Amino acid sequence: MSSNQPATALIAEDEPLLAEALQAELAQAWPALRVLATVGDGTSAVAQALALQPEVLFFDIRMPGLGGLEAAAELADAWPADKAFPALVFVTAYDQYAVQAFEAQAVDYLLKPVQPARLQKTVSKVQLALAGRAQAAINSGADISPGLDQALGQLRQLLAAGQAPAAAAPIKVIQASVGSSIRMVPVAEVLYFEAADKYIRVLTASHEYLIRTPLKELLPQLDAQVFWQIHRGTVVQAEAIDSVHRDESGKLSLSLRGRPEKLAVSRLYAQQFRAM
Amino acid sequence: MRPEPGPISAAPSAVRTIDWLAKFRHMLQVMAFALAIATLQYAFVPDKPYGPPLVYSLLIATITWAVIDLGRELFPSSAETGWPQGWSALALVLGAIVLGYVGGTGIADALCQYYGWYPPGAGHQDPSQLRSSILITAIAGIVGSFYFYAVNKSAYLQRKMTEARQHASEARLKLLETQLEPHMLFNTLANLRALIGSDPQRAQVMLDHMIAYLRATLGASLQATHTLQAEFDRVRDYLELMAIRMGPRLSYTLDLPEALAQHPVPTLLLQPLVENSIKHGLEPKVAGGHITVSARREGQHIVLDVIDTGVGLSGTESQRTGFGMAQVRERLASSHGAESAIELVAVHAGGTRATARFPYQA
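Chains as they are written, first to last, in the numbering used here: chain A, 1 to 276; chain B, 1001 to 1362.
Isolated chain A (complex conformation):
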């Protein structure tokens, strides 16, 4: 995008008055900014961001469907590799842990109610970042998306910071109800877990079970050395991984010992797979 055109933005905020207010405040603080769309939930935010390719994203942390962080992670995964990743600004009313994490990762954020002076500061920072990025792109003529790697690193840290601390002792058995009885499935036999709507599919070499625990609650109970998260909804037993493939677009996928499926690895978790 050439620097002569006005910068573009997307606002994701579930409270309509606050979305309006942010847009109004932005009109004051950054008159040249064009807000392409305002959405009220995380899933639409991802879809609209991919469709409109804005340069700046204002994402509320708590939204129905996908939260701001998860939406940003999803977006980073699907973002075209040859386009600059947008500058991210998170908006939150009160999340002391999130704010600490933002500070630590040098991620831009705004606190609600948004104060004009603070917004002005954020705008200056974002403008600076966009200018620097444009310059870098001209200088290097780089083919990898500027900012995407950095955003992935930040998001990885932010998501990890928001996770529940690991349980003292990992669980050994999964209790899955099958009809009216409960099957005890040894965790060691599980090849991978896959989140499906409100359930988790538990897959062994020969069987498939459903459990009702959200993946977010199951994850801290698994041994992180044994089970690797490779996608927002997929956790794989590392020893069951047979090989990792990279396609033309650079996306990774896994094939497993004992299962025919190929599992997609999201960009967020791809850094685990490096040739030794």
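The set of hints was computed from the structure by calculation and includes no laboratory data.
It cannot be assumed that every hint is accurate.
With a straight-line Cα cutoff of 27 angstroms, these simulated DSS-like cross-link-like pairs (lysine-lysine) come out [claimed, not checked]:
| # | chain 1 | residue 1 | chain 2 | residue 2 |
| --- | --- | --- | --- | --- |
| 1 | A | Lys216 | B | Lys1285 |
| 2 | B | Lys1023 | A | Lys198 |
| 3 | A | Lys251 | A | Lys216 |
| 4 | A | Lys83 | A | Lys251 |
| 5 | B | Lys1023 | B | Lys1153 |
| 6 | A | Lys216 | B | Lys1174 |
Fair warning: this is a prediction, and the values are worked out from it, not measured in the lab.
Following the hints, complete the assembly by docking chain B onto the known chain A.
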């Protein structure tokens, strides 16, 4: 927000450690008591030597003490108060007194004989003397045991009282924390700030609801009950605030029959249920939904319903049956006892229904 682990209350641990210093203190106290008895005995019969009654008294007392004070550690029922419960306590004390008397006099007899202070059994040769020494042992044993029992019991009650007080203030703090949740507060303020610029009149209305909500929340602990009308007014304040925030994603219906408007209800009983419906039902749902709060009379009961069309129960069940529900259940139980009930069910069309039921008062 992550909950901080609360101060750990002194739960009875599975493995009890014996406080040997306390035991030693008890023994010294018992010996002093025995000394006093021997002195008394000597004071009443000064023509007999002082030595033998002292030896008898000390030995009987020490054995009795040892059996009771060490013996009670063997009873699992003494974990809390330090004493076994019911009959086993009585049996322990009586057994200890008999053992103390028999053992104590036996050893004392042997000692006296060995050192030639006294002919064997001379301390209680004639029946009247035997009776009086048994009586003294029994009375001293019971008085001593009662003394230690009372001391233990009062320490136990003190501890329980401190625990209960701590529990109560923790619960109140937690309730306040959920109602004045910073996220809710700052989002509401952000909306107010936006409205002041764009629609001052609506801002004023919103501010009025917020004032009423804050006043009710902060003052809730002062008043145990208020009328259903007041309860529904507070629910309306909260829902109005949320409706401004959530816009078209939230709609609600309040249904309070005129005949029940003046019926008393525990203050802010419905608040946690409505908050649950918003937080776990409607907020996670992209399309939002509807909340219905209603009161009706069913025979001798008042039934309050909070029904939402949110995401339903699965997944976040553990959270929804958490603090809010427990709090409502506890308050209903303390105001209406076993006749009250609360339940949370999934509505087949998606969403949930929380129902509170308590006796109608004519």
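Comparing the hints with the structure gives:
Of the pairs offered as hints, the one joining Lys216(A) and Lys1285(B) holds, with about 18 angstroms between alpha carbons and a cut-off of 27 angstroms not exceeded. Between Lys1023(B) and Lys198(A) the CA atoms are separated by roughly 59 angstroms; this puts the pair beyond 27 angstroms, and the hint is violated. Restraint check for Lys251(A) and Lys216(A): satisfied, since their Cα atoms lie roughly 24 angstroms apart, inside the 27 angstroms limit. Proposed proximity of Lys83(A) and Lys251(A) is supported: the alpha carbons are some 16 angstroms apart, at most 27 angstroms.
For the hint pairing Lys1023(B) with Lys1153(B), the CA-to-CA distance comes to about 16 angstroms; that is within 27 angstroms, so the pair holds. Restraint check: the Cα-Cα separation between Lys216(A) and Lys1174(B) comes to about 25 angstroms, which is no more than 27 angstroms; the hinted pair holds.
Violated hint: 2 only; the structure is consistent with all others.
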